[in-house]
Amino acid sequence: MPTANSINRRAFLKLSGFTGAALTIGFYFPALAEEGVAIVTAETADTLGIALNAFISIDKTGKVSILNHRSEMGQGSFQAVPQMIAEELEVSLDQVSISFAPGHQNKYGSQITGGSSTVRGAYKHLLRTGATAREMLVEAAAKKWNVPATECYAKNGEVIHRPSSKKLGYGELVEEASKITPPKNVPLKERKDYTIIGQPLPRQDTPLKVNGKAEFGIDKKLPGLLYAVVERSPHFLGKIKSYDDSAVKAMPGVKYVIKVQMPVFDTTREGIAIIADNTWAAMQARKALKVEWDTSGFEHLDTTGLYNRMKEDLKKPGLSQRTGGNFEAAYGKAAKKLEAVYETPYEAHACMEPLNCTAYVQNDKCEIWGPIQGPDWIQRDLADRLNMPIDNITVHMTFLGGGFGRKAFTDYTAEAALISKEIKAPVQVVWTREDDMTQGPFRPGAVYECKAGLNNGRITAYQTKMAAQNMDHQWPHADKTSFNNSTTEGLAEAFINGIDHYSFCDVPTESPVPVMWWRSVYSSTNGFAYESFMDELAVAAEKDPLDFRRQHLREERYGALIDMLEEKTGWKSRGKSSGWGVAITECFKSVVGEAVKVSRNAAGRLTIDRIVAVMDCGWYVNPDIIKAQVEGSIVMALGAATIHETHFTDGKAVETNFHQYQMPRINDVPEIEVYIMENEEKPGGVGEPGLPPFAPALCNAIFDLTGKRIRKLPFNMNEI
Amino acid sequence: MASYKLSINGGSYAVEADPKMPLLWVLRDLLNLTGTKYGCGMAQCGACTVHLNGNAIRSCSMPISAVGNQKITTIEGISSDNSHVVQQAWIAEQVPQCGYCQTGQIMSAVALLKRNANPTDRDIDMAMQGNICRCGTYPRIRKAIHKAAAMMKQPPAKSF
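So the protein lines, in turn, are chains A and B.
In terms of this note's numbering, the first sequence has 466 at position 466, counting the first letter as 1, and numbering is strictly consecutive.
In this note's numbering, each residue carries its 1-based index in the second sequence increased by 720.
Derived from the structure by calculation, the hints contain no laboratory data.
C-beta: ideal position from N, C-alpha, C; glycine also.
Be aware that a few hints might be false.
Unchecked claim - Straight line, CA to CA, 25 Å or less: simulated BS3-like cross-link-like pairs of lysine-lysine:
| no. | chain 1 | residue 1 | chain 2 | residue 2 |
| --- | --- | --- | --- | --- |
| 1 | A | Lys213 | B | Lys791 |
| 2 | A | Lys166 | A | Lys189 |
| 3 | A | Lys255 | B | Lys740 |
Said to hold, decoys possible - Restraint-style ranges between C-beta atoms, simulated for each label pair:
| no. | chain 1 | residue 1 | chain 2 | residue 2 | range |
| --- | --- | --- | --- | --- | --- |
| 4 | A | Pro252 | B | Asn773 | 26 to 32 Å |
| 5 | A | Gly224 | B | Ser732 | 23 to 29 Å |
| 6 | B | Ser800 | A | Lys290 | 55 to 61 Å |
| 7 | B | Met872 | A | Gly224 | 52 to 58 Å |
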């Protein structure tokens, strides 16, 4: 049973700026999974001795406060979470304020913001919590009026007695409601009755983000705050042989120079932290530091060698298999056989807000502030590392200037905490853009070998073999002998039921390059391989690419998506003067189809004229945020397909800043049309699934226009 | 170290700083004006964009000693209540996602509209190329600038 010693009710009320009585209600995760998720009030929580997560609190003025248990890195949890609760609570969004929940595993369950999981992971609990509070307020009003609760209903922050039209505001009911035991199995609204969910309501964080008031991790200020940068080995895994900090210590503003360690998976990085009274002073002083790095015993690998290794690995059988039917037999019998090899690059996350973390370690407690995707993980990590009770670690959340998976890690927070512990002062560690871009972890590059057999215009056998670093193999004591499902994520998901004989294998390539989740993870590269290959197969089968895909789908859901894509693109009347390509991928329980139109402009340069995306994420909360996420996913995919790549030479990353790692700019991006499917499916992810289909759709369009097949990313649009 | 008197957002600020210290860090670390962001430190990304006498510049590459008595405007000086037409257009088009680059984007957009009240898509592309948005809000930025330009043409609402 979780304990209630870090945030009791009074502390929460104080935190929320409440005075006097209030209704505070939330759900908690009992220690025993079979107990399910329980909804409790502050009173019940006190009695049970559990920590109340306090998702919703309503004060005597009727003001509703909601804690967001997930990170806000642009994907819109700050809007989606209150929109879901407000719907069931029957309040308008302007009655609601939202703030970040600090990291606490016992109270908020998993808080890692990843896998596009905020809505799809918690929607049932959030709706039920809102509905439970609503029912308690209705019951409180019925008690006050001494009428049956069935004669009362809630609307717009009030409970109304239907026969008499009497009304009481929520604020007038909270005291009574807080004494009521939360009812079980409250009714949830039907989708047709929604007035908030499903609406493109403006984001509540937007006003803060257009005047500089939004607080990002790097904006955190504390009394006596010092600023640090860390000189890091340019070579992966380099150790400090010796260093000379005499010139550094003489520089203005410098307070300390210390050796630090940073855990990265099963390795330990070494660095020299320069701590000064402002960021720039620390950056300047770092230039005066002389470090001799010991890189002996480590690989001085380069990109060419790395990809050669992956290609060699493709000759191995692969330790992992996901199979159906008998690929080899069916392939042997195929009338037409196709083979192709695809390559995708390593990529940096390059969040606009470089990594940073503010830490203050005092005798028996540690506070962390930063752009963080995994606060509960950080809490656990630091409790171990600092040998403190978990409740003495507080992870405060700020807005994130981008995350994309990189900020769902514990390396940068551990490093900041260790520096603060040593200097006994609050410190903000800022990674320079160069640190951020060269240190990784990176999206792993991959090489895919695809084979398929066709009979009568249908795929009868399909195989993908992939060679790439396996992210899960970096952890200490990782099981490297069996398939862990991660690498085949989103691979041919859409068509898997429509092909009788298939086989997927991956050969984990060993390399010291640290690799990490990058928006849509392995799907981000898997989608390119299989949807490009699908197009090659359609061409070989002499079929229309949409018809060919339709023919291999066994679910109506995909059929409806293809119909929509066909309609919105005007597919059947597209003509021959330009090139059109499509791709459809599924990941994180959402399916996205994208179509791209390309042509040559007067100067002969290839241009993207139209991008049409159809998102099927099932039940959804805010269509405008979904559109924004698909737009953003496409722009990020465009960069990774046509502009940037992280290369390695001599065991280090080559691209250090945006002058080398170029980004898509406003002039590279045309209008993007996004359509959302309306159906009864469960909610799927929104932040990531729009990314994988873009690169193959673009390359398929280029093939359609030019006859040139692109099998290696990134490629230069100007050279086609 | 040297003493500087800076004119920022219509106010006067005295700071002690190394003459080479970029304006960005003076604003952020010495004056707590954190709306101006660090992105690259080499004038490649535009997150640190501020105005110097009304022109958009990259504050990460502008040493404090070069500022002199020129008027500095930061995002905090555009308006703190979001009353500026560009901020309103940004809200209307729901431009920001993570929001980190947006203060710099807005500073570039305000400077563009000041010298060109009716920009074409091409004008916008030219003026805004220096500002990276990793979230990919570019199509909405373009729409918001057109919207702001249209709003600027409308007569101000009457107040009684």
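Status of the hints after comparison with the structure:
1. Lys213/A <-> Lys791/B: Roughly 22 Å between the alpha carbons, so the hint for Lys213/A and Lys791/B holds.
2. Lys166/A <-> Lys189/A: 23 Å, holds
3. Lys255/A <-> Lys740/B: 19 Å, holds
4. Pro252/A <-> Asn773/B: 26 to 32 Å: 29 Å, holds
5. Gly224/A <-> Ser732/B: 23 to 29 Å: 27 Å, holds
6. Ser800/B <-> Lys290/A: 55 to 61 Å: Violated: the Cβ-Cβ distance is about 46 Å, outside 55 to 61 Å.
7. Met872/B <-> Gly224/A: 52 to 58 Å: 45 Å Cβ-Cβ, so the 52 to 58 Å window is violated.
Taken one by one, the earlier hints fail for this structure at numbers 6 and 7, listed in ascending order.
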